[in-house]
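Every number in our numbering is 2 more than the matching position in the sequence shown, counting from 1.
None of these hints come from the bench; they were simulated from the model.
Some hints here could point you the wrong way.
In silico DSSO-like cross-links for lysine-lysine, where the CA-CA straight-line distance does not exceed 27 Å [claimed, not checked]:
1) K103 with K61
2) K64 with K103
3) K151 with K169
4) K103 with K173
5) K173 with K151
6) K53 with K64
7) K53 with K103
8) K53 with K173
9) K96 with K53
10) K169 with K96
11) K151 with K103
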Amino acid sequence: MSSGSSISSRVYFDESGNTGQDLVNFQDPVFVLGSCRFNPDDEARLLGQFKRYRGNELKFSKLRTSGTGNRAVIDFLNDPALSRETVAVYLIHKSHMIVTKYCDMVLEPSMREYGINFYERGMNIALANLISLSMPVHLNPITWNHFLKLFVQVARNRTGESLDEFKAAAKMVDT
């Protein structure tokens, strides 16, 4: 960041891997949300690196197709204005996100019923990690992804039909 300039109140967000409701997507399994904010001087300088490119939004898919675009991206990523104070990135494997929701909606109520605080000391995180890593191996990836897809369907639709399908899949998982 340039010294003496205040941080702009404009904060920018963009996502990658947003496949909408299709969370079990083999072609795009990771969701990434990026955010940045720069002081006005750095913002103008950084945007100036891309002045050749028209439009409201810079698209990496277009920038990567030319040597000039590649250099502009690399120069941007190497700029000292990019730091932990100005840039944040959150990424999550979509199937793991589904598992964390499953833990919240299905496992936590049972734990609470027995007087166990599922969130205390990170039990929810540990169990979600264990399930995410072991179940695709234990079942096989196709069966596991089908189970996750049905869970998403029942969580969204909340119909008797989707619940019956999910229960049938859950019996297979329980074996």
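Practice prompt. Could you work out which earlier hints the structure fails to respect and list their numbers in ascending sequence?
Written response: Numbers 1, 2, 7, 8, 9 - these are the hints that the structure violates, sorted from lowest upward.
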